[in-house]
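In the order they appear, the protein sequences are chains A and B. -18 is the number of the first residue of the first sequence in my numbering; add one for each residue after it. -18 is the number of the first residue of the second sequence in my numbering; add one for each residue after it.
Treat the hints with caution; some may be incorrect.
Put simply, identical chains are the same to the list, so a pair is met inside one copy or across any two.
[Stated by the list, open to error] No farther apart than 30 angstroms at their CA atoms in a straight line, the calculated lysine-lysine pairs in the DSBU-like style are these:
(1) Lys333 - Lys228
(2) Lys(-11) - Lys74
(3) Lys42 - Lys(-11)
(4) Lys(-11) - Lys50
(5) Lys353 - Lys333
(6) Lys236 - Lys215
(7) Lys74 - Lys355
(8) Lys74 - Lys352
(9) Lys175 - Lys381
(10) Lys304 - Lys193
(11) Lys74 - Lys304
(12) Lys228 - Lys356
(13) Lys307 - Lys215
(14) Lys50 - Lys175
(15) Lys175 - Lys42
(16) Lys236 - Lys352
(17) Lys353 - Lys228
(18) Lys356 - Lys315
Think of the hints as simulated: they come from the structure by calculation, not from any bench.
Number of protein chains: 2
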Amino acid sequence: MIDLQPVKGTRDFFPDEMRLRNWLFEVWRNVSEQAGFEEYDTCVLEHEELYVRKTGDEISKQLYSFEDKGGRRLSLRPEMTPSLARLVLQQEKSLSFPIKWFSMPQCFRYERMTKGRRREHFQWNADIIGQHEVVAEAEILMLLISACESMGLSTNDFRVFINDRRILNAILSQINVPQVLHSEVMVIMDKRDKIPPEALSKMLEEMRMTTKQVGQLNEYLSKSDLEELRENLKNTEGIEELQHLMKLMETAGYKNYLQFDISIVRGLSYYTGAVFEVNSPEKQHRAICGGGRYDSLLSTYGGETVPAVGFGFGDVVVLDVLKELKRFPELPRKLDYTIIPFANEQIGTALKIAAELRLQGSTVDCNFSMKKMKKMMQQAHESGAAKAILLFPDELSDDKVVIRDMQLHEQKPVRITDLFSSAE
Amino acid sequence: MIDLQPVKGTRDFFPDEMRLRNWLFEVWRNVSEQAGFEEYDTCVLEHEELYVRKTGDEISKQLYSFEDKGGRRLSLRPEMTPSLARLVLQQEKSLSFPIKWFSMPQCFRYERMTKGRRREHFQWNADIIGQHEVVAEAEILMLLISACESMGLSTNDFRVFINDRRILNAILSQINVPQVLHSEVMVIMDKRDKIPPEALSKMLEEMRMTTKQVGQLNEYLSKSDLEELRENLKNTEGIEELQHLMKLMETAGYKNYLQFDISIVRGLSYYTGAVFEVNSPEKQHRAICGGGRYDSLLSTYGGETVPAVGFGFGDVVVLDVLKELKRFPELPRKLDYTIIPFANEQIGTALKIAAELRLQGSTVDCNFSMKKMKKMMQQAHESGAAKAILLFPDELSDDKVVIRDMQLHEQKPVRITDLFSSAE
Chain A
-18 MIDLQPVKGT RDFFPDEMRL RNWLFEVWRN VSEQAGFEEY DTCVLEHEEL YVRKTGDEIS
42 KQLYSFEDKG GRRLSLRPEM TPSLARLVLQ QEKSLSFPIK WFSMPQCFRY ERMTKGRRRE
102 HFQWNADIIG QHEVVAEAEI LMLLISACES MGLSTNDFRV FINDRRILNA ILSQINVPQV
162 LHSEVMVIMD KRDKIPPEAL SKMLEEMRMT TKQVGQLNEY LSKSDLEELR ENLKNTEGIE
222 ELQHLMKLME TAGYKNYLQF DISIVRGLSY YTGAVFEVNS PEKQHRAICG GGRYDSLLST
282 YGGETVPAVG FGFGDVVVLD VLKELKRFPE LPRKLDYTII PFANEQIGTA LKIAAELRLQ
342 GSTVDCNFSM KKMKKMMQQA HESGAAKAIL LFPDELSDDK VVIRDMQLHE QKPVRITDLF
402 SSAE
Chain B
-18 MIDLQPVKGT RDFFPDEMRL RNWLFEVWRN VSEQAGFEEY DTCVLEHEEL YVRKTGDEIS
42 KQLYSFEDKG GRRLSLRPEM TPSLARLVLQ QEKSLSFPIK WFSMPQCFRY ERMTKGRRRE
102 HFQWNADIIG QHEVVAEAEI LMLLISACES MGLSTNDFRV FINDRRILNA ILSQINVPQV
162 LHSEVMVIMD KRDKIPPEAL SKMLEEMRMT TKQVGQLNEY LSKSDLEELR ENLKNTEGIE
222 ELQHLMKLME TAGYKNYLQF DISIVRGLSY YTGAVFEVNS PEKQHRAICG GGRYDSLLST
282 YGGETVPAVG FGFGDVVVLD VLKELKRFPE LPRKLDYTII PFANEQIGTA LKIAAELRLQ
342 GSTVDCNFSM KKMKKMMQQA HESGAAKAIL LFPDELSDDK VVIRDMQLHE QKPVRITDLF
402 SSAE
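Throw the hints in and build the complete structure from the sequences for me.
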C-alpha cells in the first residue's frame, strides 16, 4: 500500500473541510471586492532569486527550492508580496496607480513542525500600491477589520496592534545603532515573544550592540504611551504619522479596534512604516494577520521606489481562534432535492428530471442504490436534502412523482410538469 | 533588475485575467454543486511514488520532482486522480459510497514548450467513486455537458466523442495481442493524431506486434459503426455497455451530444471502460475535456477494486475555444460607487460613508487623488462605477453629498443618512 497521508505538514481537504475553506475564501473575497480591491494571482512556482535577500529574513532560509529539468532554480512561494512586486514592476507603465489588489495564495515554508505550525497555508493578501498617504493604511486596516467582523468577531474578540518602523528607527538612531543595522536588529527584535530575554540580548550583542545599548532599547520598548515617547525622541515622524492614522480611523468609526503597541515589529525586513498585527485583546494567539508599509521593496528588485501597504491573513490561525470562541460556522452539506427511482427502467427518467431541475438552479442528487425505502430516506436525510422525489411506478405511469418534505415528513403526488414550473 | 516574467510555461493572472478565471471556476463550481457533487482539494505537493506507474504513461516522465530538506521525494501533482484515489483509500471505511466529488486543482507537467502548451493549468476534475453501473458515466457526461452549456456552447459547438477500452481490448485480443501488453499498446494508440502513421506502426511493432497485427488493428479502427463492430467481435461486453449508456443518455435528453468514436483511447493507462473526449464536432481542437472509467486504479495503490468514473477539464483549451467562437464573456471591472473627496479634511468622512455602504453590501471604492474633477470622473468611468459620490464642501456642511449617475450623467444632492437607507 502506498502512503495514504498527505506530505508532512500539508493538508487534505475532504468535503467538510473544503466547505469551511470555501466559506473563509468567500468572506475574504466578498469584503475585498466590496472595498474595491481587485483579485490577482501568480503561479505557486517562482524563480528562487525573488526570495534571496541581503538581510537575514527567516523566510529565505525556509524555502522549498529545487532545480527543474531545464536547470532553473525555482521555489514554491513562501509569501505573496515578492510576486506582487514582480507583477507591478512588469506592468508599471500601464497600471493606473494607486492599485488595490488582493489574492488568496497557498504559501509554503519548510519549518520545523511544532504545534499549530504547518508547511503550507492559504494566506489572503491585500495591498495598496502607489499611495504614500496614510489613507492607504486606513483602507487596509478597514478591510481586515471588516473581514474579522464578517466572520462574527467583534471588538471584544480582536484588536489591531499597531506600531511604526520609523519609531523603532528613531529609537535605534537615538541610542546610536548605525542605520545599516536597523533592519537586521528588527528581525531579531521580532523574536521577543518567542525566545528568552537573555538569548535575545545575546543576539543583539552579536549584532555589535553594547550591553548599554540593549538596556536603553529595552527601556524604550517598555513605553506604551505615544505622547511619552514623542517627548523622549528627537525624530518624531513615525509617531506623527501613526497619530494621523489613528485620528483618521477614529473619524471613519474604527477607534476601538486600534491599539498602539511598541512591541510590534514584524519579521520581514522590507517594512518601512506602519506595522500591525491582529490578535485577541490579550494577545493570547499567534497573530491572526500581520502587515505594514513597505515603500522600498520594489526598489530592492531594481525598480523605482513605489509606496505600498499590505497584509497577509492566513487561514490556519483565524480558524483556530473561531473554533476556540465557538464561532465556527455550521456548514453541513445541503441539497434541494434527492431523486429516488425504484427500478432500473426509471433511471433515465430520474436523470431527465434532475437535469430539468438543475437547469432551474436547483441542487439535485439522485440515489440509484435501489435499496430499501428506509435506508434511502436515511441517506436523503444525511445528504441534507430538503425534499425527496420518489418515483413510485403507479404515480409515474400517471406522469406524476411523489414529493416528500424531509423536515415535515409529509409527502404528496405532483405532476412532473408542475414540478418544473413550481421550482421557477 | 530581477526577472519580471513568471517561470517559463506558467502564467500570471492580472485582474482582467483573474476575472475570467473566476468566471470559469464559478461555472465549474455551480454546475458541480447543482449536480450534487462535493468539492475537495489536496496539496499541490504529493509524494512522488503516487505517480510512478509500471506502464509508460507520458505523465510520469514529465514530473516536476525534487527532494525536500528532509530527504522526501516530492512532486508537483501532474493530475488529480491519484490524489483522489489516495483520499478515498485513506477514508474508505467512513465514506458512504457512491461519492460524487469535484475539485479545481492546478496541475504541473514539465513539457516541451510548443504552441498552446503550458507547464501548468487548472483542471476541473469530477469523479463518481463506488458506482459500477453506467449511470455513473451518464451523470459524469451530463455534468460536463451542462458545464459546456453554461459557458454558452450548444450542440453546434461541441460533441462528446466516446469509446470503451473494453472494445479496444476485444479487438486486441481478437488479433492475438497478449493482454499484458494492452495498456501499453493503448498509450501508443493514443498518439494516433500526433505522429505520422508510419512512426505509429513502428512503435507498435516495437511492442512486439507483427506487421499483420498492425494492419488488422488499423482495419478495425477504421470502423465507425457500433453494430458493424459487434458483428465482427467475439467479446461484445464493451459495445453493449456503451449502447446501454447511449440509450440512457437518450432518455435523459442528451442524445445529440454523444458520438461513438473508436479512435478515442486517452493517454492514461488506468482506464478500464468508457473513455471520452469533448471537442468541436469536427474535432479541430485539442480535447476540451477527457475522462473515463478507471475501476482498477485504487487497487494498483494497494486497495480493493473500487469502481470509478471521472474527467479532467482544463482551463486553457476551453478558453481558446470560447475566444475562437467569439463567446468570450465580457467581464469588465464593476463598482456600485466611487466616493470622491475634494479636500484632505474630508477623507475620514469618505471612509466612513464607504464603510456604511459596504456594510449594506455595496461595492465601493474611493478616489483620494485630489485631482481635477474631469480626471477623477474619467477614473470613475474606467473603474466601472455606476455612481459617483461627490463630497462638495457646501453640500457636506449641510450633511449632504452629491450623487452622480455615471451612465445618465445626472447628479443631485442627497442627505447622507438617506444614502444608507436607500441602498438597503
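Hint by hint, which ones does this structure get wrong, listed from lowest number up?
-> 9, 10 and 13
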